[in-house]
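Asker: Sequence lines, in order, name chains U and D. Note that the working numbering has the first sequence beginning at 540, numbered continuously upward. Note that the working numbering has the second sequence beginning at 2, numbered continuously upward.
Please keep in mind that the hints were generated in silico from the structure rather than gathered at the bench. Hints should not be assumed to be uniformly reliable.
Below 30 Å or equal to it, Euclidean Cα-Cα: the simulated BS3-like pairs (lysine-lysine) are [what the hints assert, rightly or not]:
(1) D/Lys321 - U/Lys713
(2) U/Lys626 - D/Lys195
(3) D/Lys321 - U/Lys945
(4) D/Lys195 - U/Lys625
(5) U/Lys626 - D/Lys321
(6) U/Lys696 - D/Lys195
Non-contacting residues of chain U with respect to chain D, defined by C-beta distances greater than 10 Å in every case (computed) [what the hints assert, rightly or not]:
(7) Arg627
(8) Leu724
(9) Lys772
For glycine and all other residues, C-beta sits at the position ideal for the given N, C-alpha and C.
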Amino acid sequence: MEVRVSFAPLTELMSTLTTDQAPEMSMEANSEMLGTAHANGRNSETRKTISSEPRPSDLLSREDCLEMFRQLYLARYFDVRLIKEKKRGRLRGTLYSSHNQEAVLVGSLFGLKSSDWISPIHRDMPAFFLKDLRGKWGEAERSGMSIQEVCAQVWGKVGSPGRARDNWSHIGSKAKHIIHSTSMLAGTIPVAAGVVYADRSRGGDAVCLTFNGEGSTAQGIFHEAINFAAVHKLPVVTIVENNQWAYGTPVSQGSPVTDIADRARGFGIPGYIADGQDVFDVYDKVANAVAHARAGNGPSIVECKTFRAYGHGDHDDDRANRYRDQEEILMGRLRDPIAVCRKLLVDRGFLTGDAATAYVAEGKSATDATNDDFPPEVVDFLNQGIEFAIASPLPDAAEAGQWVFKEAE
Amino acid sequence: MAIAEPLVSAATATGPVAKNYLTALKEAISEEMGANPEMISMGEDIGLLGGAFGVTDGLLDKYGRERVIDMPISEGAIVGAAVGMALNGKTVMAEMQFIDFISCGFDQIVNMMATYHYRTAGEVNIPVVVRGPAGAYGGGALYHSQMNEAWFCNSPGLRVVCPSTPYDAKGLLKQCLRDGNPTIFFELKELYRKNEIAEILPEEDYTVPLGKAAIRQSGTDITLVSYGQNVYHCLAAAEELTKLGLSAEVIDIRSLVPLDEETIFKSLAKTNRIIVVNEAPMTCGFAGEIISRVTTKAFDLLDAPPVRITRLDTPVPWVKPLELFVLPSVEKIVKAALATVKY
Ligand SMILES: Cc1ncc(C[n+]2csc(CCOP(=O)(O)OP(=O)(O)O)c2C)c(N)n1
Ligand SMILES: [Mg+2]
Numbered sequence: 540m541e542v543r544v545s546f547a548p549l550t551e552l553m554s555t556l557t558t559d560q561a562p563e564m565s566m567e568a569n570s571e572m573l574g575t576a577h578a579n580g581r582n583s584e585t586r587k588t589i590s591s592e593p594r595p596s597d598l599l600s601r602e603d604c605l606e607m608f609r610q611l612y613l614a615r616y617f618d619v620r621l622i623k624e625k626k627r628g629r630l631r632g633t634l635y636s637s638h639n640q641e642a643v644l645v646g647s648l649f650g651l652k653s654s655d656w657i658s659p660i661h662r663d664m665p666a667f668f669l670k671d672l673r674g675k676w677g678e679a680e681r682s683g684m685s686i687q688e689v690c691a692q693v694w695g696k697v698g699s700p701g702r703a704r705d706n707w708s709h710i711g712s713k714a715k716h717i718i719h720s721t722s723m724l725a726g727t728i729p730v731a732a733g734v735v736y737a738d739r740s741r742g743g744d745a746v747c748l749t750f751n752g753e754g755s756t757a758q759g760i761f762h763e764a765i766n767f768a769a770v771h772k773l774p775v776v777t778i779v780e781n782n783q784w785a786y787g788t789p790v791s792q793g794s795p796v797t798d799i800a801d802r803a804r805g806f807g808i809p810g811y812i813a814d815g816q817d818v819f820d821v822y823d824k825v826a827n828a829v830a831h832a833r834a835g836n837g838p839s840i841v842e843c844k845t846f847r848a849y850g851h852g853d854h855d856d857d858r859a860n861r862y863r864d865q866e867e868i869l870m871g872r873l874r875d876p877i878a879v880c881r882k883l884l885v886d887r888g889f890l891t892g893d894a895a896t897a898y899v900a901e902g903k904s905a906t907d908a909t910n911d912d913f914p915p916e917v918v919d920f921l922n923q924g925i926e927f928a929i930a931s932p933l934p935d936a937a938e939a940g941q942w943v944f945k946e947a948e
Numbered sequence: 002m003a004i005a006e007p008l009v010s011a012a013t014a015t016g017p018v019a020k021n022y023l024t025a026l027k028e029a030i031s032e033e034m035g036a037n038p039e040m041i042s043m044g045e046d047i048g049l050l051g052g053a054f055g056v057t058d059g060l061l062d063k064y065g066r067e068r069v070i071d072m073p074i075s076e077g078a079i080v081g082a083a084v085g086m087a088l089n090g091k092t093v094m095a096e097m098q099f100i101d102f103i104s105c106g107f108d109q110i111v112n113m114m115a116t117y118h119y120r121t122a123g124e125v126n127i128p129v130v131v132r133g134p135a136g137a138y139g140g141g142a143l144y145h146s147q148m149n150e151a152w153f154c155n156s157p158g159l160r161v162v163c164p165s166t167p168y169d170a171k172g173l174l175k176q177c178l179r180d181g182n183p184t185i186f187f188e189l190k191e192l193y194r195k196n197e198i199a200e201i202l203p204e205e206d207y208t209v210p211l212g213k214a215a216i217r218q219s220g221t222d223i224t225l226v227s228y229g230q231n232v233y234h235c236l237a238a239a240e241e242l243t244k245l246g247l248s249a250e251v252i253d254i255r256s257l258v259p260l261d262e263e264t265i266f267k268s269l270a271k272t273n274r275i276i277v278v279n280e281a282p283m284t285c286g287f288a289g290e291i292i293s294r295v296t297t298k299a300f301d302l303l304d305a306p307p308v309r310i311t312r313l314d315t316p317v318p319w320v321k322p323l324e325l326f327v328l329p330s331v332e333k334i335v336k337a338a339l340a341t342v343k344y
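Here chain D stands alone, though its shape is the one from the complex:
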């Protein structure tokens, strides 16, 4: 995958250390547990092992077995028990070892957790963040590559969040843990240890608000909207397009539910052309949702049909040439941008 310039330049040897995406998440969880004695973390292998990827490394030593629970391999019980804890006053971080396995806890998420506030007429709110590594491009094949965010966007009552930078990973995770609503938090495992995107994080406590997109690059000819690791494909495509004399604006929506429509519409008012990129399959995917909002609410701003660049409507195959065939790429974005501009 082509790498864009770091969003914030890395630290020099003498200055503060640039932190990667994984460290940012780790700090968010540990700091929130420190600040909130009612917070519990639970998941498979999160304690003794420190998490399959190390996001919870050191957490057990710091907060003990009562608050850091190595769960049996039972995603349904993880989510359901988290809901119960939340019902009785706790805040819970529940890890899915891979976001793909969230399907094994699906009922507890979409029926029990998502609807709790609604069906109790606001009596109960559920501060649970279900988070886990997601995304393709790493050769993880069908069951270690999914981006299944659309399932949850289609289940009212759930926040759906997907950071692309270390700064956002930490700030958004903290915000979600304080937000009071159940959240599905998609982390990109291919970004976990990517040094190119490491950045210096504020010393002091901070959060990133939900429903506020970030403009990663401003431009005037075409708007590229994305989230997660596809933001970097968009940035790389924007660089290619610059060489071809086109100025692309790159928007990272950061949270899907709630969605910051304003930032997208404002950009569209400048560029009048939009491409939405996501690595989930096309049909009923979130790219379609964004384009639907654009066409129903900002139709007059469009000079060309909006375009979706998504995974083909297939699973993610294992072997590299097959995996790349089905996924969005810089080349696919550049090609679509050129066609859209010529329309």
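The following block holds chain U by itself, in its conformation from the complex:
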């Protein structure tokens, strides 16, 4: 196939292609048995034929499905808006875009209980405010992190949960059950194991979802931590966002197996593969993994097949267009999670009439997308966060010397 395009014609392509016609990525093993678990197919066709049992997502109400759809917009808008703000020079640090990977975040977080824990990493910024957002956008006291806190962190202001001591995704909240990551990849998995071990010792049933790129599965600590969790049957679900690239290194140079979920075999735990572009497939696989964990059966790996839309970070956008070829980028971005979700909702009769074609954000790169491409409540939600962040002051310089140790009270 001779394809030479930049991102712009994607919009056109999206409108002519239905999701079922979209070409396969390298996901032949989707419907294979993996470990003790099965992995459903990734497009709606295989979803329908592979099993007669209802999937967890079949039981979701219309309201929940539409909420997930809105959350996809929210995650996308957050990214689009930050890219614009960064380009205008209003933000410092590196922006790791989650564009095209939103279904992984929304699908895995949607079914969690407030008491569950998560550990997002660099590409998962929206996870901080998506946790426990379900139907509670306006509630200040919901258990997730507020959009105000998340924006204050991105803007490097004192209103950040970590008072802007560390950058971007390096925040968390003990109160809100979000583990605070460092830069060291896969470093939160052992911490996740410790968190749920402690919870279990007190009779809790919390599960911890850790997020990791496929590249970070090469770290020794990834294997050490899952091994420990498997020995003790700890409820840790390791989400692997396989976006095919780790910075400038393709997955083939980082992992000898194409399906990271295969790693699960060595720990005797289930490995699931989800279509990372399909929010309901991610929801299903994670729901299975969470149920397995909550029932006391131990950890699992959920690999979500997806594709990194831009450069590794915003500093890498230009280079990434050279080290990845245009055809690969086009293919990887063809099945926009918003479009995939829209089609499934139309098929289920949950989106009808004008609503079915409203707000076409899919297929638009951050520079092309405008506020009009998003539902107004999505834009308003983020605006509240940004206004708060801008108004929040910088931390006082002398704070830098504080909190090295806990002082005696």
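Following the hints, position chain D with the ligands against chain U.
Answerer: Below, chain D with the ligands alone, put in the same frame as chain U:
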């Protein structure tokens, strides 16, 4: 950060081109790989991407995938495999994408690599240079700002090197790749593309010896000892002090292990006052080591207590006012110098 005068004046439009610190490193690696067919380079994203900062840009095209390895994100495997290659006759440049991530390969460095020569009674030597971008002042926050050189100075068997100029970056890296001992090579990422310090490099092959400090400015009233980007803070402070009628000598030690004590003691014999500046935390940092050598070996030369200007004993915070609060600065050095002279 205040910038000192270039150490060598930049080229004119017609003359040879002044090269920055990053280009100097790039040339060192490429030339050594050209000269030594047994040399291998390995690291995360060093091939296809050409390195996160571009230090290995073009290397893959030149030397091929057998010799330029895009490694999985496994610092332990990078260092350990480098040791194995060295055990079997190779010379290896192993890149840490940021020196902060060296902690993920720590065991292989301090236990496997550092001790190899010792525990084999000299049978085996390990020509491996582990190098990477280090240092703060760029808003990199806790995990993209570290200067963790002290960990390695405290692990016998490792060379620890930190150049501050393009000339030294190239000459020292070449020397380390030929030295035959394992080396941890700290590069200052804030200097990588700093045009003010670009300089014309010799056309011909050259090295800079280890254990030989450079006097960046001579003076008679006080000795400022440093390495890495803090050398420029010292030079800027020296300029301030000149305006106040004080003459400071600025010494750039360039290599920490081995350390050139002689140059420091000689300077002290003139000035009798010393301030050591480094951006790593104070406790058990290298500034403390230098001062300890001074007080134990050159006590009689001191007219005032030696002073350390280091990072506070904190991590490096992200936001600018906080970052600057904890780090050494020109102002802090000038203030300390004035107090020391008045002592
Ligand atoms: C231990 C460690 N080594 C190196 C890095 C530098 N680094 C940051 S992100 C990254 C690539 C990560 O790729 P992947 O895990 O696939 O996640 P993605 O960025 O694709 O989401 C690298 C090498 C790091 N953060 N930690
Ligand atoms: Mg990846």
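Asker: Now look at each hint and say whether the structure bears it out.
Answerer: Hint by hint, here is what the structure shows:
no., hint, in the structure
1, D/Lys321 - U/Lys713, "holds (26 Å)"
2, U/Lys626 - D/Lys195, "holds (23 Å)"
3, D/Lys321 - U/Lys945, "holds (24 Å)"
4, D/Lys195 - U/Lys625, "holds (23 Å)"
5, U/Lys626 - D/Lys321, "holds (20 Å)"
6, U/Lys696 - D/Lys195, "holds (29 Å)"
7, Arg627, "holds (18 Å)"
8, Leu724, "violated (6 Å)"
9, Lys772, "holds (27 Å)"
Violated hint for the displayed structure: number 8, the only one.
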